[in-house]
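Trainee: Build the full structure now, drawing on both the sequences and the hints.
2 protein chains.
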Amino acid sequence: MGIKQKVAVGLVILSSYMSYAYADDTTAIQPFSASKAIDLTHVLHEDMVVWPGGVPFKKIPLATHEKDGYLLHRFSMGENTGTHVDAPAHYIQGNLTMENLPIDQLILPMVVIDAREQVKSNPDYELSVQDINNWEAKYGKVPANALVVLNTGWHEKFDDPKAYQNMDDKQVMHFPGYSPQAARLLVKRDVSGIGIDSFSLDYGPSTTFETHLVMLKANKFQVENMANLNALPAVGSTAVIGVLPVKGGSQAQARIFALLP
Amino acid sequence: MGIKQKVAVGLVILSSYMSYAYADDTTAIQPFSASKAIDLTHVLHEDMVVWPGGVPFKKIPLATHEKDGYLLHRFSMGENTGTHVDAPAHYIQGNLTMENLPIDQLILPMVVIDAREQVKSNPDYELSVQDINNWEAKYGKVPANALVVLNTGWHEKFDDPKAYQNMDDKQVMHFPGYSPQAARLLVKRDVSGIGIDSFSLDYGPSTTFETHLVMLKANKFQVENMANLNALPAVGSTAVIGVLPVKGGSQAQARIFALLP
Chain A
4 MGIKQKVAVG
14 LVILSSYMSY
24 AYADDTTAIQ
34 PFSASKAIDL
44 THVLHEDMVV
54 WPGGVPFKKI
64 PLATHEKDGY
74 LLHRFSMGEN
84 TGTHVDAPAH
94 YIQGNLTMEN
104 LPIDQLILPM
114 VVIDAREQVK
124 SNPDYELSVQ
134 DINNWEAKYG
144 KVPANALVVL
154 NTGWHEKFDD
164 PKAYQNMDDK
174 QVMHFPGYSP
184 QAARLLVKRD
194 VSGIGIDSFS
204 LDYGPSTTFE
214 THLVMLKANK
224 FQVENMANLN
234 ALPAVGSTAV
244 IGVLPVKGGS
254 QAQARIFALL
264 P
Chain B
4 MGIKQKVAVG
14 LVILSSYMSY
24 AYADDTTAIQ
34 PFSASKAIDL
44 THVLHEDMVV
54 WPGGVPFKKI
64 PLATHEKDGY
74 LLHRFSMGEN
84 TGTHVDAPAH
94 YIQGNLTMEN
104 LPIDQLILPM
114 VVIDAREQVK
124 SNPDYELSVQ
134 DINNWEAKYG
144 KVPANALVVL
154 NTGWHEKFDD
164 PKAYQNMDDK
174 QVMHFPGYSP
184 QAARLLVKRD
194 VSGIGIDSFS
204 LDYGPSTTFE
214 THLVMLKANK
224 FQVENMANLN
234 ALPAVGSTAV
244 IGVLPVKGGS
254 QAQARIFALL
264 P
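These protein sequences, in sequence, are chains A and B. Take 4 as the starting number for the first sequence in the working numbering and just add one per residue. Take 4 as the starting number for the second sequence in the working numbering and just add one per residue.
Everything labelled a hint here was simulated from the structure, so no lab data went into it. Please read these numbers as outputs of a predicted model, since none were measured by experiment. Hints may be right or wrong, so weigh each one.
In this list, chains with the same sequence are indistinguishable; a pair is considered to hold if it fits within one copy or across any two.
[Said to hold, decoys possible] In silico PhoX-like cross-links for lysine-lysine, where the CA-CA straight-line distance does not exceed 20 angstroms:
hint, residue 1, residue 2
1, Lys123, Lys160
2, Lys191, Lys144
3, Lys62, Lys250
4, Lys250, Lys160
5, Lys191, Lys220
6, Lys220, Lys70
7, Lys123, Lys165
8, Lys191, Lys160
Mentor: So this is what it looks like as C-alpha cells:
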C-alpha cells in the first residue's frame with residue numbers, strides 16, 4: 004500500500020488506542036469544593052416505569068444465600084431504562100459513543116432551571132427561549148461547559164408509571180421537555196449537556212424529536228429520568244455523572260451525584 | 004391486630020420508605036476540593052474478561068441508524084462483570100443491598116497501598132498486616148470512613164483475558180488479593196470499603212473467600228476490577244463511586260472517578 008494508505012491505517016490504529024488512552028491520564032476539570040451531596044438517580048428495580056415498548060430492568064438470580072451461601076444475579080435492561088445518559092451517537096452516526104464522553108464533561112458545573120410552575124398548568128410544557136432569558140436575567144449567562152438541568156417536577160411521579168407516562172386515549176404521552184429553540188440557544192451557549200427529570204428532552208407529544216437532533220448533532224450529551232431535583236440550587240453545584248462506559252453504546256445507565264460546597 | 008403488631012407493621016412500612024428517602028436529602032460528606040480527575044473504570048465491552056463461568060457483557064441492537072434512524076441497544080451482564088461493587092448482602096443475608104449503600108460512603112477519601120513490587124515476584128501475593136504497618140509508618144493511620152485501594156498492577160492485564168485469569172493446569176487462578184488478617188485490621192480501622200485492581204479481594208487460589216466474609220460480615224463494601232491506579236497518590240484523593248442503585252442487588256457495575264485537589 005502507498006504512503007497515503009499507510010498514514011490512514013496508522014491514524015485509525017492510533018485513534019482506536021486513543022479512545023482508551025484518555026482513561027490513563029489525569030484530566031483537568033473545572034475546580035470545585037464539596038461538603039454535601041444529593042443523589043439524582045432513581046433506584047433500579049423490576050417494576051420501574053419504562054418508555055412504552057421499552058425493555059424493563061430485570062435482575063435474575065444465579066445463586067442464592069439459601070442454596071449457594073451467597074447471592075448473585077445477572078441484569079438485563081434497555082440501555083435507556085432508568086436514569087441514563089444519551090451519547091451523541093444515539094441519533095448521529097459517527098458522533099461520540101458512550102465510552103468516549105470526555106471526563107471533564109462528566110464532572111462539571113450544573114445550573115438548574117425551575118419550570119415546576121409552568122408544568123403544573125400544562126404537562127406538555129416546553130422550556131422556551133424566554134424562560135432561559137428570564138433565568139439569565141437573574142443568575143447571569145448560562146456558562147459554557149456546564150450541565151443544564153430542567154426541574155419540571157415530573158421526577159415526583161416516577162414511582163407511579165401511569166402518571167409518569169401520562170398517556171391519553173390515542174396513546175400519546177404528555178410530559179414536559181425543552182423546546183428545540185431553547186436547545187439551539189443552549190448549543191450557542193456551548194453547554195456540555197442538558198438534563199431533565201422526565202422521559203425525554205423532547206416533550207411527550209413529540210414525533211420528530213427535534214430537541215434530540217439539535218443537541219446530539221452538536222455532539223452534546225443528554226440526561227433523562229433524573230431524580231430528586233428539588234433541593235438543587237440554581238447555580239453553584241457540581242454534577243458527577245457516573246455513566247457506564249459502554250464501548251459503542253448510544254445510551255447507558257448512570258449514577259449521578261450533585262456535589263455542593 | 005394488637006398494638007405490638009401495629010407498631011411492627013408501621014416500622015416495616017417506615018423502613019421501606021426510608022430505603023428510598025435518603026436520596027431526597029442533602030447528605031453531609033467529608034469535605035474536599037478537586038481540580039483533576041482520573042477514571043478508575045474499565046470500558047464495558049463484549050470481549051472483556053469475566054470470572055470463569057461468569058455472564059459476559061452483551062449489547063444487543065434493537066434499532067440501528069441504517070434501518071431506524073437512531074441507535075438503541077439492550078444490555079445483559081452478570082452483576083459482577085467489569086468494574087463493580089459488592090454490597091455486604093452479596094455474602095450476608097440481611098446486610099446492606101446495593102441501593103442502600105449510604106451516599107457518604109460512595110463519596111469518600113481514598114488511600115492507596117502499592118503492592119506492585121511484591122506481586123511482580125508472586126502473582127498469588129496477599130496483602131499482609133506488615134504491609135499495612137509499613138504504609139502507616141509512612142503516611143499515618145489508615146483513616147476511618149475511607150476507601151482503601153490496593154494497586155497490585157494487575158489492572159494492566161485486564162485487556163488480556165488469559166493473563167488476567169492466569170489459570171494453571173488444574174483450573175486454579177493466580178492473582179493477588181488481601182489476606183484475611185489485613186482485612187481484619189482494616190475493619191478495626193473502620194474503613195467504609197476496600198478495593199482492588201484484580202478479580203477479587205481474595206487471592207486467586209482462594210476457595211474459602213475469607214477476606215470477603217470478614218469485610219461483608221462487617222457491612223463494608225468492596226470494589227473489584229478497578230482500573231488505572233498507577234497515577235493515584237497514596238493519600239489526598241477522593242473517590243466518587245457511581246454504582247448502579249439496584250434494589251436488592253448484591254453487586255452492580257460502577258463508574259468510579261478519583262478526584263484530586
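Trainee: Give a verdict on every hint.
Mentor: These are the hints, each one checked on the structure:
In this homomeric assembly, Lys123 and Lys160 come within 20 angstroms of each other (Cα to Cα) only inside a single copy, at 13 angstroms, whereas the closest approach across copies is 54 angstroms. For the homomeric pair Lys191 and Lys144, the shortest alpha-carbon distance inside one copy (11 angstroms) is at most 20 angstroms, but the shortest distance between copies (50 angstroms) is not. Taking CA atoms no more than 20 angstroms apart as the test, Lys62 paired with Lys250 passes between copies only; the shortest distance there is 9 angstroms, against 22 angstroms inside one copy. With identical chains, the CA atoms of Lys250 and Lys160 are at most 20 angstroms apart between copies only, with a shortest distance of 18 angstroms across copies and 32 angstroms within one.
Only within a single protomer do Lys191 and Lys220 lie at most 20 angstroms apart by alpha-carbon distance; the minimum there is 13 angstroms, versus 53 angstroms between protomers. For the identical chains of this complex, Lys220 and Lys70 are inter-copy neighbours only, at 19 angstroms across copies versus 51 angstroms inside a copy, given an alpha-carbon limit of 20 angstroms. Taking the shortest Cα distances, Lys123 and Lys165 sit within 20 angstroms of each other inside one copy (17 angstroms), while across copies they are farther apart (57 angstroms). Taking identical chains as interchangeable, the C-alpha atoms of Lys191 and Lys160 are never at most 20 angstroms apart, the minima being 32 angstroms within one chain and 43 angstroms between chains.
In summary, the structure is inconsistent with hint 8 from the numbered list given earlier, while agreeing with all the others.
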